[in-house]
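Using the sequences and the hints, build the whole thing.
At position 63 of the sequence shown (counting the first as 1) the number is 202 in the working numbering, and the numbers step up by one without a gap.
Note that these hints are calculated values from the structure, not bench results.
Only true hints are included.
Using 27 Å as the maximum straight-line C-alpha spacing, the simulated DSS-like pairs for lysine-lysine come out as follows:
id : residue 1 : residue 2
1  : 260       : 272
2  : 232       : 253
3  : 285       : 158
4  : 158       : 178
5  : 285       : 253
6  : 253       : 158
7  : 168       : 260
8  : 236       : 168
Per label pair, the in silico range of CB-to-CB distance:
id : residue 1 : residue 2 : range
9  : 153       : 236       : 32 to 40 Å
10 : 183       : 266       : 32 to 40 Å
11 : 180       : 257       : 40 to 48 Å
12 : 148       : 249       : 28 to 36 Å
13 : 249       : 140       : 16 to 24 Å
14 : 214       : 270       : 30 to 38 Å
15 : 143       : 192       : 25 to 33 Å
16 : 153       : 262       : 18 to 26 Å
17 : 215       : 192       : 29 to 37 Å
18 : 218       : 262       : 15 to 23 Å
19 : 259       : 180       : 33 to 41 Å
20 : 270       : 249       : 19 to 27 Å
21 : 168       : 219       : 15 to 23 Å
22 : 152       : 255       : 20 to 28 Å
In this text the structure is predicted, and so the values were computed from the model without any measurement.
Just so it is clear, CB atoms sit at the ideal spot from N, CA and C, and this is done for glycine as well.
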Amino acid sequence: IPIFFLNTGFLFPETLVFKDELSELLDLKITGLESLIPKSQQLDQNGQLLFTSDPDYCCYLNKTQPLEPILLSHDVWINGIRADQNTNRAQMKIEEKTPQGALRYHPMLDWTSKEIFQYRKTYNLPAHPLDAKGYLSIGCEPCTRKMVGNDDERTARWFGMNKVECGLHTDLIVKEK
140 IPIFFLNTGF LFPETLVFKD ELSELLDLKI TGLESLIPKS QQLDQNGQLL
190 FTSDPDYCCY LNKTQPLEPI LLSHDVWING IRADQNTNRA QMKIEEKTPQ
240 GALRYHPMLD WTSKEIFQYR KTYNLPAHPL DAKGYLSIGC EPCTRKMVGN
290 DDERTARWFG MNKVECGLHT DLIVKEK
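Structure, rendered in structure tokens:
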């Protein structure tokens with residue numbers, strides 16, 4: 140099964156190290172995907188990086204657009220979203236079609252974070268190094284913060300931006316600008 144890793148160029152250094160460690164530990168061949176648009180061209184009209192003013196378009200350039208050719212050339216996309224992460228994901232089904240026609244498969248949709256923890260423990264799988272530091276939903280560094288209080292996992296992402304998804308799991312995947 141091919142494994143693809145979306146390297147947005149904004150990931151925590153710990154995420155990149157963790158990916159390499161998992162690849163070695165589990166003997167995985169991981170293919171990196173990244174934006175075709177250099178960061179120097181991902182600026183808004185004020186010269187700021189897009190994540191500061193248009194996080195939807197930043198996610199489009201760095202996540203959904205690089206994944207699109209994979210979805211066009213593969214029949215199935217397996218990912219680890221869970222229904223308890225937010226209301227958008229709670230409405231999803233175990234199997235759905237992508238706009239590109241691939242089958243999107245969510246095998247852990249009905250799992251809870253407790254079940255994920257137990258699975259990792261049972262099979263002696265490592266946790267992301269930032270997990271122990273309070274980061275339970277980990278994405279790009281500028282758009283991710285530690286959990287505060289009893290927040291749900293996804294509220295730590297895009298904090299204060301009225302955004303809960305990057306677009307990979309919504310119709311933003313076909314966004315044009």
